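Chemist: As you go down the protein sequences, you meet chains A and B in turn.
Just so we're aligned: the first sequence equals residues 0 to 656 in numbering that gives the first Met the number 0.
Just so we're aligned: the second sequence equals residues 0 to 307 in numbering that gives the first Met the number 0.
To be clear, the hints were calculated from the coordinates, so they are not data collected in a lab.
Be careful, since some hints might not be right.
If you want the footprint, here are the derived chain B segments under chain A, 3+ residues with CB under 8 angstroms [as the list claims (entries may be wrong)]:
(1) 65-72
(2) 89-96
Rough simulated footprint, nothing fancy, chain B against chain A, three-plus residues with beta-carbon under 8 angstroms [what the hints assert, rightly or not]:
(3) 416-430
(4) 519-532
(5) 546-555
(6) 573-585
Only some residues are given here: those of chain B computed to face chain A with a beta carbon under 7 angstroms [claimed, not checked]:
(7) E56
(8) Y59
(9) S60
(10) A107
(11) F111
(12) S123
(13) G126
(14) S130
(15) R134
(16) T154
(17) R155
(18) Y157
(19) A164
(20) G165
(21) A268
(22) F305
Computed from a prediction, not measured in an experiment: that's the story for all the values here.
Using N, Cα and C, we set each Cβ at its ideal position, and we do this for glycine too.
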Amino acid sequence: MIALFVIGLLLHGLNFLLPALLRDSRRLNVASNLLNAAALLCGMCFSVSGLLAYQRAEYHFSLPAAGPVVIGFDGLSLFFLFTFQLVSLAASLYAIGYLRHYIERGLPVRAHLWFLTLLIVSMQLVAVAHNALAFLIIWELMALGAYFSIVFERDKEEVRRGGFWYFVATHASVLLLYVCFFTLHELTGSWNFRDFALHAAYDPKALAVILLTGFAGFGIKAGFMPFHVWLPNAHPAAPAHVSGLLSAINIKAGIYGIARLMMILPAVDPAYGWGLLAVSLVSAVLGVWYALAQHDIKRLLAYHSVENIGIIGLGLSVAWLGRCYGKPELVVLGFAGALLHTLNHAIFKGLLFFGAGNVTLHAHGGDIEKMGGFARVIPLTAVAFLVGAISICGLPPFNGFASEFLIYKSLFSGSDLLHGYAPLALLFSVVGLAFMGGLAVACFTKLYGIVFLGQNRAGAAMERQSEPLLSSVALLGLAGLCAAIGIFPAAGLRLVAPALGELGAAAQAGREWASPLGQLQIVFALFLGLVAAVYAVKAWLQSRTGVRLRETWGCGYAAATPRMQYTASGFAEELVKLGRPMLALAVHWNALGGVLPAARTFHSHCHDRMEDGWRAFHRAIGRFLGAFRWIQSGNIRHYVIYLFASILFYLLCALVW
Amino acid sequence: MVTFSSDPFSWLACALFFAGAPLFTGVVNKLKARLSGRVGPGVLQPYYELLRLARKETVYSTSAGFISRLAPVIVWCTVALAALLLPLGTTAAVSFSGDIILFAYLLALGRFFQILAALDTASSFEGMGASREARFAVFAEPIFFFTIGSLAIVTRRYSFETILAGISWYDPLFVVFVSVGLLSLFFLMMAECSRMPVDDPNTHLELTMIHEVMILDASGVDLMLYQYAASLKLLLYCALAALLLNPFGVFGPVSGLLVFGVTLAALAAVLALTETLMARFRLALVPQFLLFATAIGILNILIFTFSH
Numbered sequence: 000m001i002a003l004f005v006i007g008l009l010l011h012g013l014n015f016l017l018p019a020l021l022r023d024s025r026r027l028n029v030a031s032n033l034l035n036a037a038a039l040l041c042g043m044c045f046s047v048s049g050l051l052a053y054q055r056a057e058y059h060f061s062l063p064a065a066g067p068v069v070i071g072f073d074g075l076s077l078f079f080l081f082t083f084q085l086v087s088l089a090a091s092l093y094a095i096g097y098l099r100h101y102i103e104r105g106l107p108v109r110a111h112l113w114f115l116t117l118l119i120v121s122m123q124l125v126a127v128a129h130n131a132l133a134f135l136i137i138w139e140l141m142a143l144g145a146y147f148s149i150v151f152e153r154d155k156e157e158v159r160r161g162g163f164w165y166f167v168a169t170h171a172s173v174l175l176l177y178v179c180f181f182t183l184h185e186l187t188g189s190w191n192f193r194d195f196a197l198h199a200a201y202d203p204k205a206l207a208v209i210l211l212t213g214f215a216g217f218g219i220k221a222g223f224m225p226f227h228v229w230l231p232n233a234h235p236a237a238p239a240h241v242s243g244l245l246s247a248i249n250i251k252a253g254i255y256g257i258a259r260l261m262m263i264l265p266a267v268d269p270a271y272g273w274g275l276l277a278v279s280l281v282s283a284v285l286g287v288w289y290a291l292a293q294h295d296i297k298r299l300l301a302y303h304s305v306e307n308i309g310i311i312g313l314g315l316s317v318a319w320l321g322r323c324y325g326k327p328e329l330v331v332l333g334f335a336g337a338l339l340h341t342l343n344h345a346i347f348k349g350l351l352f353f354g355a356g357n358v359t360l361h362a363h364g365g366d367i368e369k370m371g372g373f374a375r376v377i378p379l380t381a382v383a384f385l386v387g388a389i390s391i392c393g394l395p396p397f398n399g400f401a402s403e404f405l406i407y408k409s410l411f412s413g414s415d416l417l418h419g420y421a422p423l424a425l426l427f428s429v430v431g432l433a434f435m436g437g438l439a440v441a442c443f444t445k446l447y448g449i450v451f452l453g454q455n456r457a458g459a460a461m462e463r464q465s466e467p468l469l470s471s472v473a474l475l476g477l478a479g480l481c482a483a484i485g486i487f488p489a490a491g492l493r494l495v496a497p498a499l500g501e502l503g504a505a506a507q508a509g510r511e512w513a514s515p516l517g518q519l520q521i522v523f524a525l526f527l528g529l530v531a532a533v534y535a536v537k538a539w540l541q542s543r544t545g546v547r548l549r550e551t552w553g554c555g556y557a558a559a560t561p562r563m564q565y566t567a568s569g570f571a572e573e574l575v576k577l578g579r580p581m582l583a584l585a586v587h588w589n590a591l592g593g594v595l596p597a598a599r600t601f602h603s604h605c606h607d608r609m610e611d612g613w614r615a616f617h618r619a620i621g622r623f624l625g626a627f628r629w630i631q632s633g634n635i636r637h638y639v640i641y642l643f644a645s646i647l648f649y650l651l652c653a654l655v656w
Numbered sequence: 000m001v002t003f004s005s006d007p008f009s010w011l012a013c014a015l016f017f018a019g020a021p022l023f024t025g026v027v028n029k030l031k032a033r034l035s036g037r038v039g040p041g042v043l044q045p046y047y048e049l050l051r052l053a054r055k056e057t058v059y060s061t062s063a064g065f066i067s068r069l070a071p072v073i074v075w076c077t078v079a080l081a082a083l084l085l086p087l088g089t090t091a092a093v094s095f096s097g098d099i100i101l102f103a104y105l106l107a108l109g110r111f112f113q114i115l116a117a118l119d120t121a122s123s124f125e126g127m128g129a130s131r132e133a134r135f136a137v138f139a140e141p142i143f144f145f146t147i148g149s150l151a152i153v154t155r156r157y158s159f160e161t162i163l164a165g166i167s168w169y170d171p172l173f174v175v176f177v178s179v180g181l182l183s184l185f186f187l188m189m190a191e192c193s194r195m196p197v198d199d200p201n202t203h204l205e206l207t208m209i210h211e212v213m214i215l216d217a218s219g220v221d222l223m224l225y226q227y228a229a230s231l232k233l234l235l236y237c238a239l240a241a242l243l244l245n246p247f248g249v250f251g252p253v254s255g256l257l258v259f260g261v262t263l264a265a266l267a268a269v270l271a272l273t274e275t276l277m278a279r280f281r282l283a284l285v286p287q288f289l290l291f292a293t294a295i296g297i298l299n300i301l302i303f304t305f306s307h
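Work out the full structure, taking the sequences as your base and the hints as a guide.
Modeler: Shown next, in the form of structure tokens:
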């Protein structure tokens with residue numbers, strides 16, 4: 000089966016040559032994306048069959064320049080490989096239709112397609128590299144691929160700025176990862192993950208360095224608070240298929256890293272678990288609260304990724320606590336919940352970003368206050384987006400519910416199995432999860448209601464527009480997966496099972512841990528049957544009594560315009576105000592005055608306190624380094640003195656040693 | 000394991016629940032009318048209203064799409080399925096470990112569609128109601144998890160049926176815990192079922208409404224489904240409270256149902272009395288009211304944990 004994986008990589012490799020072979024951008028777009036899709040299909044055949052008939056495999060070989068490389072296919076790698084491939088496949092199909100609009104506007108896509116392929120290939124390799132050096136090199140390649148894919152419309156100021164946020168964040172992340180992995184190498188004398196895991200005893204202080212740098216490094220990539228600031232800046236800058244890839248899977252590379260570290264390192268200190276729990280809870284609650292305050296569709300979705308990363312983090316921290324306290328049930332429940340949510344979030348966040356891309360194409364911008372009524376314009380996108388919105392709120396019977404159910408269950412079981420203050424802390428986590436559920440409902444009813452329902456606030460025509468076939472296939476396919484995993488969570492658990500097997504706890508936890516998630520399809524079938532039956536009764540009654548269309552009742556006011564509809568800011572305002580002082584709501588308007596007031600404007604936006612904090616931090620660094628700026632005088636004689644001084648210094652050193 | 004009850008009484012209880020929900024609303028309304036010195040409509044009035052609506056033509060807004068047509072069905076079905084999870088006097092019709100989570104999330108799904116249907120009509124009045132509903136729900140959801148969730152943690156069981164069976168009435172601390180939890184639950188019910196002092200179901204001004212303004216454009220069968228779902232939801236929360244108050248648990252179908260019925264009647268009286276004595280809060284105060292209920296829940300679990 001490994002042949003399929005290699006064929007996939009070779010097809011991707013072919014794709015690197017394609018921009019040189021095909022002149023016509025339009026054809027290149029179709030060919031390159033279809034080739035990627037074919038490669039990913041091959042790869043998916045490999046990863047799915049690998050997960051279903053699981054057999055751990057590891058391949059050692061040596062590359063001329065890079066030294067020994069280990070490619071490993073264990074449960075965790077295969078699971079993430081599958082997740083990455085699935086969303087990349089959807090993104091490739093989606094990009095064909097989406098990029099066509101840019102090609103028609105005359106934007107060059109040649110380099111973009113090249114870097115997109117680089118991103119997709121390196122994402123897959125990150126998941127399977129079991130050798131720290133290779134991992135770090137591929138990690139950097141992935142960051143480069145992502146950066147150049149983000150700055151597609153680089154003539155725009157905000158795109159360059161968003162790309163820069165990503166660039167800085169990813170390098171801060173990799174710097175910490177160097178410390179983490181080099182420390183591991185120092186302690187174990189090996190670069191292989193397997194040797195890290197087999198290493199007998201870690202010094203607690205060294206372990207603290209490894210864990211803190213590792214969690215922080217991967218946490219920056221994953222977007223845990225307070226490292227999330229790059230997400231809401233980079234996601235809106237990127238074209239929709241790239242934002243989908245970033246949010247659905249690129250940040251999951253961070254989750255993969257944390258999960259990998261949890262697997263290879265001994266869990267001794269529960270403090271890390273509690274710390275991660277607190278960070279996750281804050282990320283989740285504040286993430287969705289910030290999301291609620293956004294007016295830009297992609298920025299909103301980006302903040303929502305922070306929330307979902309927090310939910311995944313909750314599962315991971317319960318797993319860590321389970322290992323520290325020796326409770327295999329908790330390990331399995333927490334880990335399964337986190338991994339399943341990773342897959343689910345990848346699916347619905349990809350779906351939502353692709354849907355958002357279609358919306359922004361038709362609305363000519365991301366400001367949701369200028370949208371409305373898109374359910375008529377792009378109905379297929381509207382249906383798929385609705386499924387994504389329900390899923391991301393964790394509502395039944397879609398996939399978000401399945402994974403959140405597992406995380407709830409892990410928190411409840413934790414409160415049952417652990418002692419002391421732990422049950423109380425976990426109860427508060429349960430309530431926090433419920434609270435963010437309520438906020439997510441508010442956020443996505445706002446987003447869906449303002450964007451897709453009602454009437455267009457910008458006064459655009461509400462006729463149906465064509466949706467590209469392959470984009471719709473990608474969107475509806477992802478929506479179908481949301482429903483499939485939601486109704487048959489057992490299928491999702493099947494994919495997670497090999498990764499759990501690696502933990503060693505799965506065997507001790509017994510087979511009943513997933514109960515009753517595997518059997519919930521009966522309840523959902525009952526629900527869907529009930530919905531169908533009631534709808535049939537309703538339709539029958541309406542066929543007898545009749546249906547009429549009239550304009551909306553405006554309480555007697557006849558001259559209502561679409562701009563009088565409730566706005567997104569109005570919908571969320573009271574909740575956002577309650578989030579002060581963490582959410583700083585800035586309002587700019589000029590008050591009415593005079594007998595015949597002229598036109599007035601009102602503008603409000605919410606800025607992120609943590610982003611302000613980072614900006615202040617960056618300014619402080621700039622000021623500090625500015626103190627040394629006199630060295631760069633620009634006077635050539637000074638540089639000659641520097642040269643002379645440094646040569647003298649080295650000579651002196653040579654003499655002394 | 001998901002278990003479907005094999006006891007015919009539990010399905011009978013569900014049937015009675017569905018049939019009796021409008022009656023319960025009628026009883027509350029009648030009691031409320033009598034307490035405020037009016038004669039009031041008969042207790043069967045909600046049934047007549049539902050029948051009347053079922054025979055009416057449905058009018059859809061020209062801006063409304065598939066959401067407005069689907070939402071009433073989803074709203075009704077979520078409440079109906081949630082009702083099957085409660086052990087109504089006997090064992091629950093459908094029960095599994097973790098059904099408390101499904102219960103909360105089903106109601107949230109109904110709310111999701113209710114809000115969307117309000118935004119679907121492009122009416123600013125309904126947008127206002129939708130915004131309020133979304134806002135108050137954010138504070139209502141934690142209350143449920145503080146009351147039922149802490150009961151689950153205390154009893155170490157995760158389905159309604161087993162939680163209720165696990166409450167030991169001989170432990171005075173438990174009695175205090177449950178009764179205080181009940182207070183939070185009662186507050187939650189006022190918010191979720193749009194009762195006073197959170198929302199006034201009988202007000203005549205759209206600007207002051209929450210639930211009623213969201214269904215301003217619903218008519219005919221759709222409005223019937225919304226109103227039926229609203230009375231189901233009211234009975235659902237009252238039933239939950241009655242079950243918590245019922246020290247006989249779920250042991251005998253006949254005595255269980257009997258005690259359950261009597262407690263429900265008592266709750267209807269309390270509800271009517273509260274609504275008669277209290278005026279609606281200013282909307283800005285509602286989050287404080289709900290946070291107060293949350294605070295009670297937090298204190299309750301803290302006291303229980305530290306004295307155990």
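Chemist: Which numbered conditions among the earlier hints are violated in the structure presented, ordered from lowest to highest?
Modeler: 16, 19, 20, 21, 22
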